[in-house]
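Enquirer: Okay, here's what each chain looks like letter by letter:
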Amino acid sequence: MNPQILGVVVMFVATLLLAVPLGKYIAKVYSGQKVWTDLVFGQAERLLFKTSRIDPTREMTWKQSLTALLTLNVIWFLWAMFCLLNQAWLPMNPDHNPGMTPDLAWNTAISFLVNCNLQDYSGETGVSYFSQVLALMFLQFVSAATGLAAAAVVFNALKDRTTTQLGNFYNYFLKSCTRILLPLCLLIATIHLFEGTPMTFKGMDTVTSLQGDTMHVSRGPVAAFVAIKHVGTNGGGFFGANSAHPFENPTYLSNIVQMIAQILLPFAMVFAFGFYANKKRLAWVFWGVMTTGFLILVVPTIIAEVHGNPYIAQMGIAQPGGNMEGKEIRFGAVASAFWSIATTVISTGSVNAMHDSFMPVSGMNMLLGMMINSFYGGVGVGFLNFFIYVILAVFIGGLMVGRTPEFGGKKIEAKEMKIAMIIALFHPFLILAGTAIASYLAAHDANMGWWFADAAGKHNASGWLNNPSHHGFSEMLYQYTSSSANNGSGYEGLADNNPFWNISTGIVLLFSRFLPIIGPVAIAGLIAQKKFIPTSSGTLKTDTGTFGLLVFAVKIIIAALAFFPALALGPIAEWMKMH
Amino acid sequence: MLSVICIILLSGIYPAIVWGIAQMAPDKGEGIVIKEKRGRYFYENIGQNFSDDKYFWSRPSAVNYNAAGSGGSNKGPDNPDYLLSVQSKTDSFMTHNPGVNREDIPSDMVTASGSGLDPHISIEGAMVQVKRIAKLRNLDENKVSKIVRDHIDAPVYGMGPERINVLKLNLALDNLTAH
Chain A
1 MNPQILGVVV MFVATLLLAV PLGKYIAKVY SGQKVWTDLV FGQAERLLFK TSRIDPTREM
61 TWKQSLTALL TLNVIWFLWA MFCLLNQAWL PMNPDHNPGM TPDLAWNTAI SFLVNCNLQD
121 YSGETGVSYF SQVLALMFLQ FVSAATGLAA AAVVFNALKD RTTTQLGNFY NYFLKSCTRI
181 LLPLCLLIAT IHLFEGTPMT FKGMDTVTSL QGDTMHVSRG PVAAFVAIKH VGTNGGGFFG
241 ANSAHPFENP TYLSNIVQMI AQILLPFAMV FAFGFYANKK RLAWVFWGVM TTGFLILVVP
301 TIIAEVHGNP YIAQMGIAQP GGNMEGKEIR FGAVASAFWS IATTVISTGS VNAMHDSFMP
361 VSGMNMLLGM MINSFYGGVG VGFLNFFIYV ILAVFIGGLM VGRTPEFGGK KIEAKEMKIA
421 MIIALFHPFL ILAGTAIASY LAAHDANMGW WFADAAGKHN ASGWLNNPSH HGFSEMLYQY
481 TSSSANNGSG YEGLADNNPF WNISTGIVLL FSRFLPIIGP VAIAGLIAQK KFIPTSSGTL
541 KTDTGTFGLL VFAVKIIIAA LAFFPALALG PIAEWMKMH
Chain B
1 MLSVICIILL SGIYPAIVWG IAQMAPDKGE GIVIKEKRGR YFYENIGQNF SDDKYFWSRP
61 SAVNYNAAGS GGSNKGPDNP DYLLSVQSKT DSFMTHNPGV NREDIPSDMV TASGSGLDPH
121 ISIEGAMVQV KRIAKLRNLD ENKVSKIVRD HIDAPVYGMG PERINVLKLN LALDNLTAH
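If you read the sequences in order, they're chains A and B. In case it helps, my numbering puts the first sequence at residues 1 to 579. In case it helps, my numbering puts the second sequence at residues 1 to 179.
Source of the hints: derived by calculation from the structure; they are not laboratory data. Just so it is clear, CB atoms sit at the ideal spot from N, CA and C, and this is done for glycine as well. Misleading hints may appear alongside valid ones.
[Unchecked claim] Label-pair ranges, simulated between beta-carbon atoms:
id: 1; chain 1: A; residue 1: F426; chain 2: B; residue 2: Q23; range: 44 to 52 Å
id: 2; chain 1: B; residue 1: I17; chain 2: A; residue 2: P91; range: 48 to 56 Å
id: 3; chain 1: A; residue 1: A88; chain 2: B; residue 2: N101; range: 49 to 57 Å
id: 4; chain 1: A; residue 1: T67; chain 2: B; residue 2: I17; range: 32 to 40 Å
id: 5; chain 1: B; residue 1: I17; chain 2: A; residue 2: T125; range: 23 to 31 Å
id: 6; chain 1: B; residue 1: K37; chain 2: A; residue 2: H459; range: 54 to 62 Å
id: 7; chain 1: B; residue 1: Q23; chain 2: A; residue 2: A446; range: 16 to 24 Å
id: 8; chain 1: A; residue 1: A568; chain 2: B; residue 2: E124; range: 45 to 53 Å
id: 9; chain 1: A; residue 1: G545; chain 2: B; residue 2: S92; range: 56 to 64 Å
[What the hints assert, rightly or not] So the derived list for chain A, only partly shown, Cβ under 7 Å to chain B, looks like this:
id: 10; residue: P3
id: 11; residue: L22
id: 12; residue: A224
id: 13; residue: F239
id: 14; residue: A241
id: 15; residue: Y311
id: 16; residue: S357
id: 17; residue: E492
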């Protein structure tokens, strides 16, 4: 087999083989069964709960859980804002980077808080080590743990019983940090150290190159950062070039490790649900639907990137490596294409090649991955997004065969359906409304005043585009899609560090993070209170291939109807122009 | 209070452990370097700008190999300005490498990498420069080809692309000329 193809097959299979036992372990952690990490962390956790005066055995309702979640998030937001605005005089700033402007700090704090990591700054010049470690890396941990804990509440609600008591949110949260995220991160950081990723608090180095030029080399505590960046599906890079940077991702092996690290928990959470709620067959159906979607997106992308750019072929230049603009030699076109889809179907948003320079087909598939946002999805929240589609499918399926819509022995009624519909439609609304406003401004080349100025100091809205025509439209569509999907990757040509983009995407980020957490938790909480109806001949079976197909169809229909017009103006038009 | 404890654990203890492990890692986790006798040292993983004709060139870079920053061109595949810049890089490559045909130039030598710091080039990208190097350094072409072949990094456990670290190749070239 071609060594590049073999590489991505190994990545995928290895992830699956690791995810099943990890899912079993996670299920045990959340249900409070004995696991081997009790020896290491059991004592420490008891001490932590004691000092923070939290009783981890106190059961909470879904409303109490959400209140706890939102309160914690407000505290973290304020802490991150403080660090970013004041980093200039705070310690650990060897490169003397300045404090952030308020609009940039707002965008950065929110985007790390919501697990998105849209980065309108570059790590080398935009943040100090203090901000990187104490604000951004901290948020990468706790935002992932928030998603995991919310998913744990939903797991608990979907058990076959009637209850309002859904476990202790703080307990789920802390155990997500200590039992799941920390051990995985320590392992992954260690591998990276031995592959050549730096972990130092020394600042920039100045060296003379072989041919005699003076060059500066940025360094920093990268290894610790890069581990949680992927395990928590955060995706925010230490350096501007993210995982394309040769310190952040030095070898093909480190690339494999990062790829596995980011898909591992989204896989494992599906299996954890199966083990936890004792619905293993259903978990495999879910995983099958997600994988089908993933493969449909990833295969054409690999083909497009390996084929290369038809315009460059016309110039008579050979493309043995495929489309190499924006890609690194050590990863090659295949692993870069695989990464681009993996990072967009789950909500990581890290990149190992520049998405702006990918072929139109690839761009469309990345956008679709984020538009659907639940072919795996981010840590914890991917499962929650998927759950919304399951509720919709149950309802539609029930209507089609004339049976009462039920899921897991609970009736799905008007209230749950309303919440599910609002969540499902809000995502396209945020993306399309944002893109429409930005495109209108760019097309009319509006004078943006304080809201925007390009490098030359001009305030014309078209100045934020790095590429003309359809590709320029795609840049704006991508930015709002990435924000609304809490993804964080970008068509980085877009000039996004200005009040217009910082503030507008910041607002999108807030809505698109918390509504899709509140909604599913509320639905699950409502369902849990209902009377349990044992399975009968009148029940619509959910753990079958037919039901899987139905969920898949619901996703495609919603995405196709909502997004096809926008995709037609962007990547599809670009493709037609090029062929 | 839970937040304070989490900051101590996640932003204090965790990075401290990783930093501790780093002290056992190659070059103490400060970036892997290649040291030379005269006290010069280079970062193995950070690509360098080679514009001099007597060295093998690196790939074009959107940040001119200044590793105080990083990034790609972010040009779309159908952007007319971008296609013109590829055209002019190709023309300049052919001027510096007389006798090379267009179809012998692999696209990685005329396109910018994602980081702007790519330390590698493809095998084709090195081979197409052999003739120029041999002529300028008065070396036998076969000898230069042999150095290139010796510096091919094979796929990792049979996975991924073959590649050549430009810095190591050029250091070997300088050593060869010195003897």
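Enquirer: So, for every hint listed, does it hold in this structure?
Expert: Tested hints:
1. A:F426 <-> B:Q23: 44 to 52 Å: 49 Å, holds
2. B:I17 <-> A:P91: 48 to 56 Å: Roughly 20 Å apart at Cβ, these two residues miss the hinted range, so it is violated.
3. A:A88 <-> B:N101: 49 to 57 Å: Holds - the Cβ-Cβ distance for A:A88 and B:N101, about 54 Å, lies within 49 to 57 Å.
4. A:T67 <-> B:I17: 32 to 40 Å: 33 Å, holds
5. B:I17 <-> A:T125: 23 to 31 Å: Once the Cβ atoms are compared, 28 Å apart, the range 23 to 31 Å for A:T125 and B:I17 holds.
6. B:K37 <-> A:H459: 54 to 62 Å: Once the Cβ atoms are compared, 56 Å apart, the range 54 to 62 Å for A:H459 and B:K37 holds.
7. B:Q23 <-> A:A446: 16 to 24 Å: For A:A446 against B:Q23, whose Cβ atoms are near 55 Å apart, the range 16 to 24 Å is violated.
8. A:A568 <-> B:E124: 45 to 53 Å: Violated - the Cβ-Cβ distance for A:A568 and B:E124, about 38 Å, lies outside 45 to 53 Å.
9. A:G545 <-> B:S92: 56 to 64 Å: 58 Å, holds
10. P3: Hint holds; A:P3 Cβ to chain B Cβ min 4 Å, cut 7 Å.
11. L22: Interface hint status for A:L22: violated (20 Å vs cutoff 7 Å).
12. A224: 4 Å, holds
13. F239: 5 Å, holds
14. A241: 4 Å, holds
15. Y311: 5 Å, holds
16. S357: 6 Å, holds
17. E492: 5 Å, holds
Going down the numbered hints, you'll see the structure goes against 2, 7, 8 and 11, while the others check out.
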